[in-house]
Amino acid sequence: MNNLPTEPNSMSESNGMSESNRTAESDGTTESYRGGAKPRAAVVIGGNRIPFARSGGPYAYASNQDMLTAALDGLVARFGLQGERIGEVAAGAVLKHSRDFNLTREAVLGSALAADTPAYDLQQACATGLETVVGLSNKIKLGQIDSGIAGGADSASDAPVAVSEGLRRVLLDLSRARTTPQKLAALRNLRPADLKPNAPTTAEPRTGLSMGEHQAITTARWDISRQAQDELALASHTNMAAAYDRGFFDDLVTPFRGVSRDANLRADTSLEKLASLKPVFGRDLTAQATMTAGNSTPLTDGAAVVLLGSEDYARKHSLPMLANVVDAEAAAVDFVHGKEGLLMAPVYAMPRLLQRNNMTFADFDFFEIHEAFASTVLTSLAAWEDEDFCRTQLGLSGALGTVHRNKLNVNGSSLAAGHPFAATGARIVASLAKSLAEKGSGRGLISVCAAGGQGVVAILEAR
Amino acid sequence: MADTYLKFVNAQPFTRVAKAAGLPRPVPLRRYMQGEPIVPGPVLVLGRSSGTQAVSSTLLQWDLDVRRHMRPKEKLGAAVVILDDLTHPAQLSDIFLELGGLLRELLPGGRVVTISRPPAHGTPPETAAAQRAVEGMLRSLAKELRGGATANGILLDAGVDVTGHSVSAALEFLLSGKSAYVDGQFITVGHSEGVGPTDSATPLSGRTAVVTGAARGIGAEIVQVLRRDGAQIIAVDVPAAGEHLARVANDVGGTALQVDVTAPDAAERILHHAATRYGGLDIMVHNAGITRDRLLANMDAARWNSVMAVNLESQLRINVQLLGSPDFSADGSIVCLASTSGIAGNRGQTNYAASKAGVIGMVRATAEALAGSGRTINAVAPGFIETDMTAKMPFATREVARRLSSLQQGGLPLDVAEVVSFLASPGAAGISGQALRVCGQNLVGA
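Chains as they are written, first to last, in this note's numbering: chain A, 1 to 463; chain B, 1 to 446.
Fair warning: there could be bad hints in the mix.
Claimed, not checked - Okay, derived cross-link-like pairs now, DMTMM-like style, lysine to aspartate or glutamate, Cα gap no bigger than 25 Å in a straight line: (1) A:K439 <-> B:E268; (2) A:K316 <-> B:D251; (3) B:K143 <-> B:E386; (4) A:K316 <-> B:E386; (5) B:K75 <-> B:E36.
Stated by the list, open to error - Coverage of chain B stretches by chain A, computed from C-beta distances (three or more under 8 Å per stretch; other residues unrestricted): (6) 236-243; (7) 250-264; (8) 272-286.
As the list claims (entries may be wrong) - Take a look, some chain B residues computed to stay more than 10 Å from chain A by CB distance: (9) Y5; (10) L99; (11) A246; (12) R364; (13) T387; (14) T390.
In case anyone wonders, no lab produced these hints; they're calculated from the structure. Note that beta-carbon positions come from the ideal geometry of N, C-alpha and C, so glycine has one too.
Start from the sequences, fold in the hints, and give me the full structure.
What follows is the structure, encoded as structure tokens:
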């Protein structure tokens with residue numbers, strides 16, 4: 001990677017991080033501001049989510065809109081935003097009904113926010129939530145908005161069920177037919193098999209493999225052991241249970257439909273229990289199958305949102321400022337032709353983000369690596385520690401570095417909480433921002449992998 | 001749980017049946033409606049003391065139809081009896097008999113309010129006898145009145161005269177529909193501080209209030225009334241009640257704060273929230289409470305300890321930090337929810353009654369410590385209030401409990417909330433250390 005010194009990095013603010021030795025990548029993606037004025041800071045004010053629950057559970061009959069509205073209303077109540085016009089609300093859902101084309105705007109209209117709050121939907125698979133944070137933060141930095149709410153919702157329970165492609169064509173032809181013979185002709189094309197609906201699936205359209213099967217290939221390639229995965233899963237559950245017990249989530253979660261803690265959380269799980277589970281992914285591979293229901297996230301329902309604002313906005317409304325959103329980077333990999341694993345994109349995004357901000361892993365106190373599967377986290381860590389991989393694939397001069405386990409997902413992550421696809425980003429951003437505010441200093445790194453071979457990484461900084 | 005009997009007995013044909021059969025005949029109580037007159041008819045002021053004229057002047061300022069005498073058969077909205085200079089029981093006869101002669105003309109929802117003095121240390125026996133006689137008369141009169149009318153008294157401590165600010169505030173409260181379910185009670189005014197009743201419909205405007213246990217029931221109603229009266233609301237409840245709490249906060253444009261009041265850092269978090277978001281705290285309503293009923297013979301440590309921790313120890317701990325904090329305003333008020341169970345006892349509620357009696361003890365002692373500071377602390381002791389909790393009582397027990405009060409019905413959470421808001425108002429600055437019952441003069445706990 002060829003870094004040329006350019007203008008002082010424009011994305012970072014405060015605590016001495018804006019020295020002139022900071023560099024910005026000169027490939028045109030981070031055009032600097034004319035006149036050298038730094039954009040203002042985008043601040044995480046706080047967050048709210050409903051407890052996550054396994055699909056088919058307590059939220060089986062809650063829609064994405066129900067859950068997103070509840071998450072918004074909890075945020076409004078926490079920060080006294082009733083009747084406020086927010087600059088913009090951005091959220092999304094991965095499993096989305098076509099009727100929910102304006103999901104976020106509809107949720108805003110159903111919430112206690114002012115009805116003249118604009119909203120838009122965004123979709124980037126599991127990175128949806130984090131990408132809404134990035135997008136709205138950038139608008140705040142540019143002065144286009146003063147406040148924003150970012151987030152997402154996903155229901156695997158209330159997923160859309162589509163009619164088959166054959167039936168859909170017949171129905172569309174039928175609607176266009178004017179005469180009875182035309183109508184009959186259209187209906188003649190209907191085959192009995194067309195009546196079978198298409199169940200929702202998380203399989204990759206281009207490979208037909210589920211996310212778990214894809215990850216199983218990566219897991220085997222990096223030789224990640226079953227025990228290492230189970231240990232990571234256990235840490236996630238114990239960390240999150242401890243965080244609940246010390247009240248960490250008191251101002252991050254609002255109960256929904258009688259659920260007050262993440263329903264997937266198993267405070268009493270153990271290595272023995274996790275070890276007793278049978279592998280569910282990678283059973284057709286030559287390597288030993290290691291991925292179980294215990295070290296993989298289940299299909300989950302839930303919603304989460306984050307309140308962002310400029311410093312002025314926060315001060316004017318007497319709202320807390322937990323952390324700054326510093327910078328973010330997206331990446332994608334070619335998993336279709338087997339060149340890289342499906343969920344490895346964040347591994348590639350990370351060095352680009354660090355270089356642009358002139359930072360290394362040593363500059364961070366918290367690492368929030370989304371646990372799609374325990375082995376996703378472990379392969380990421382292994383890749384960044386692997387000199388050969390970092391040289392050949394990431395174009396670095398050596399290994400990127402080691403993430404210390406005592407800084408990793410310290411309040412639990414998706415293996416414990418569950419993973420409603422579009423909601424995970426906002427969950428992580430709010431929790432990390434609070435951790436940084438509690439510590440009072442330092443930085444946090446976020447890494448979220450996504451379907452389609454994509455990923456987004458981001459930096460938050462304490463204030 | 002709707003009071004079906006109350007509706008039934010007020011439907012025309014059944015009213016006569018109930019009367020003939022001597023059954024209880026509760027009526028819907030006169031409750032406060034913004035914009036309506038304080039009293040539904042003329043107010044008669046009775047008394048021989050110099051204070052009588054002063055009180056009449058005060059009442060006239062409120063645009064009431066104030067009388068010193070009634071014409072025969074004329075309907076009466078309220079009678080205010082000024083007895084602040086009693087020296088002998090013989091002085092009572094004329095005035096009470098005059099009052100008695102007018103009671104048949106008292107309108108539904110009418111009021112009788114006495115203003116007198118409690119026997120102080122060193123009071124001559126004749127004076128003390130007369131003063132104490134007022135209390136006995138009033139408590140019996142409250143039981144005699146029907147049609148939702150109530151009788152309550154104001155007691156003036158030494159150094160307080162009938163024109164004291166909080167005397168006027170208490171008088172306005174007792175005459176109004178806000179005191180609908182307060183019956184047979186006395187409010188003691190300890191000093192003349194305060195600003196008296198304000199004409200404003202929002203006496204709490206500019207004040208920030210915390211209400212614990214705000215997610216539902218009486219707490220949610222207190223939030224509504226404090227907001228109606230102008231306060232900014234911080235609604236507090238345990239994290240598990242957060243869904244309801246958010247709704248309550250959003251309803252009144254307040255903020256929801258999910259805190260378990262038994263947590264060691266509860267006060268710190270409440271004060272921090274109030275200071276950073278509202279610039280400080282003026283009103284603290286300790287409403288959070290639980291019941292874990294068992295006969296003492298069957299009591300276990302978990303039941304006893306959890307009730308004491310939530311209902312009493314949390315209030316003690318939070319008050320210490322509150323009163324030591326510059327973020328709690330110099331004229332701040334604390335209102336603590338007690339219970340008539342804590343006064344009279346209730347079978348199966350040794351733990352609950354201990355905690356609620358403890359609250360009353362705490363309030364008295366704290367008030368002594370706060371005397372002269374500008375801050376106040378008072379307790380409100382609800383009797384039978386129609387809530388989710390009483391809806392779960394067995395039918396017969398519930399029916400009996402309802403009819404045992406002088407008003408022959410249960411109170412509403414609103415009735416409790418009105419008393420809380422009154423005690424938290426600037427007008428009540430001269431009232432501290434009281435345990436005011438909101439029980440319709442229930443036989444139990446009276």
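Cross-check of the supplied hints:
{"no.": "1", "hint": "A:K439 <-> B:E268", "verdict": "18 Å, holds"}
{"no.": "2", "hint": "A:K316 <-> B:D251", "verdict": "23 Å, holds"}
{"no.": "3", "hint": "B:K143 <-> B:E386", "verdict": "21 Å, holds"}
{"no.": "4", "hint": "A:K316 <-> B:E386", "verdict": "42 Å, violated"}
{"no.": "5", "hint": "B:K75 <-> B:E36", "verdict": "18 Å, holds"}
{"no.": "6", "hint": "236-243", "verdict": "holds (count 5)"}
{"no.": "7", "hint": "250-264", "verdict": "holds (count 10)"}
{"no.": "8", "hint": "272-286", "verdict": "holds (count 4)"}
{"no.": "9", "hint": "Y5", "verdict": "33 Å, holds"}
{"no.": "10", "hint": "L99", "verdict": "49 Å, holds"}
{"no.": "11", "hint": "A246", "verdict": "4 Å, violated"}
{"no.": "12", "hint": "R364", "verdict": "33 Å, holds"}
{"no.": "13", "hint": "T387", "verdict": "20 Å, holds"}
{"no.": "14", "hint": "T390", "verdict": "23 Å, holds"}
Of the hints listed earlier, those the structure fails to meet are numbers 4 and 11, in rising order.
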